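Peer 1: Guided by the hints, dock chain B onto chain A, whose structure is given.
Sequences listed follow chains A and B, in order. If you count the first sequence from 1, position 84 lands on 84 in full-length UniProt numbering, and the numbers rise without skipping. If you count the second sequence from 1, position 109 lands on 109 in full-length UniProt numbering, and the numbers rise without skipping.
Just so you know, the hints here were simulated from the structure itself, not pulled from any lab data. Keep in mind the model is a prediction, meaning the values are calculated, not measured. Each statement offered as a hint is correct.
Where chain B lies over chain A, by a calculated footprint (3+ residues, C-beta under 8 Å):
#1 112-126
#2 136-144
Below are the DSS-like pairs computed for lysine-lysine, each with C-alpha atoms no more than 25 Å apart in a straight line:
#3 LYS86(A) with LYS159(A)
#4 LYS223(B) with LYS167(B)
#5 LYS14(B) with LYS55(B)
#6 LYS102(A) with LYS175(A)
#7 LYS175(B) with LYS55(B)
#8 LYS184(B) with LYS167(B)
#9 LYS159(B) with LYS159(A)
#10 LYS211(B) with LYS102(B)
#11 LYS102(B) with LYS93(A)
#12 LYS130(A) with LYS102(B)
#13 LYS184(A) with LYS93(A)
#14 LYS175(A) with LYS55(A)
#15 LYS211(A) with LYS102(A)
#16 LYS93(B) with LYS102(A)
#17 LYS130(B) with LYS102(A)
Here are some chain A residues the structure puts well away from chain B; computed CB gaps all over 10 Å:
#18 LEU51
#19 PRO70
#20 ILE196
#21 LEU226
Quick reminder that beta carbons are idealized off the backbone N, C-alpha and C, glycines included.
There are 2 protein chains.
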Amino acid sequence: MELIYKGKTKNVFKLEDGHYLLQFKDDVTGENGVFDPGANSVGLTIDGAGLAGLKLTSFFYSKLNEQGIPTHYVDANFSDATMTVKPATVFGKGLEVICRFKAVGSFLRRYGAYVQEGQELDSFVEVTIKDDERLDPPISADALHMLSILSLEEYAILKERTIEISKFVAGELEKKGLTLYDIKLEFGRDAKTNEILLIDEISGGNMRAYKGNTYIEPLELEKIILAD
Amino acid sequence: MELIYKGKTKNVFKLEDGHYLLQFKDDVTGENGVFDPGANSVGLTIDGAGLAGLKLTSFFYSKLNEQGIPTHYVDANFSDATMTVKPATVFGKGLEVICRFKAVGSFLRRYGAYVQEGQELDSFVEVTIKDDERLDPPISADALHMLSILSLEEYAILKERTIEISKFVAGELEKKGLTLYDIKLEFGRDAKTNEILLIDEISGGNMRAYKGNTYIEPLELEKIILAD
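Isolated chain A, as found in the complex (with noise of 0.2 Å):
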């Protein structure tokens, strides 16, 4: 199999049937060794941060395939922490979508004047362009149709799912009596159909967890979500 892609915490591989396959690796995103998952560049390895990832991934897609949700997930081989994956291309060089639940981050950075730290917000949905230079910007619905990066009826696809994607995280979290405060999400399309998919991966470094006012670092997360 051909290494096509070495990313940030993963690499891509090419497998001849056509799918792809997923390499986790244990480095992680952060700044001066301190792990932070919103972080553009590679701050620390921690043993077992791949696995973990890839174990959480494979937990939350493999009930939303059988939920009927679409995504990229094929399977996992926690042997070799990888995870195969059907071929999709991304929207654009790629974009975040994120929904919130409780108003902190970037968005009480920006909107701070009208909200207080840890209102509750009503599933909100935005979107921000991949562009480590640019530091990811948000882009609304108007100016991704405008950019032929996404179709206004896609955009309406978009929003539901994430809706309904991370209403279903935030429900798993709920279980363990952890509270989803925002969580980050990557879609494309698929490279047969067209369908829009769920890509990418749902680890502990794609949301914010409170338990009571109490952040979850996000090894200790995948740890409270995966225990019996």
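Peer 2: Same frame as chain A, but now just chain B:
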């Protein structure tokens, strides 16, 4: 009459008949003594800047009123550099509505991965919240709605009016051989009828205009538009 607000470039007085009086000052926004309409602080004083802004605003708003596009403009007194306006309330703590015909400025800084400098944009509308401390962040229709700043119905009207007004201004500039790149408008609700009104001003400092490839400074722009 009572002074009720001292702004960066205008003072506001309440009149006894319920109208308000805006007094245009010669202070203009900028940094380090350079006129910059996008700046958040007053940078310098230019003799005649207030009157020039008032004359251009009066020119555009009286024509808009004639066309049935509601504005807060009642009349102007050039000898005092004042404008009488209807009472209106702003959305939240104030919004700026931008219409873009060419990709320059903050749009280019955010979406430079997808557009070339100066590329044509299809009357693209975006809203920013007035918040000097948070650098006037852009905000989506959904966020405006969720934060109870504007309903989705009002957003639709705002967007339609913005395009209509901006195209009208672009047409007036075109008569003088100028091209409008982008323009910033402000809207509010009529204090009596709740109708959406164009408020504030449209002067050289609210727009970027070019003659060929040359940027036209706000005061020069006012001279060109108002020349017979």
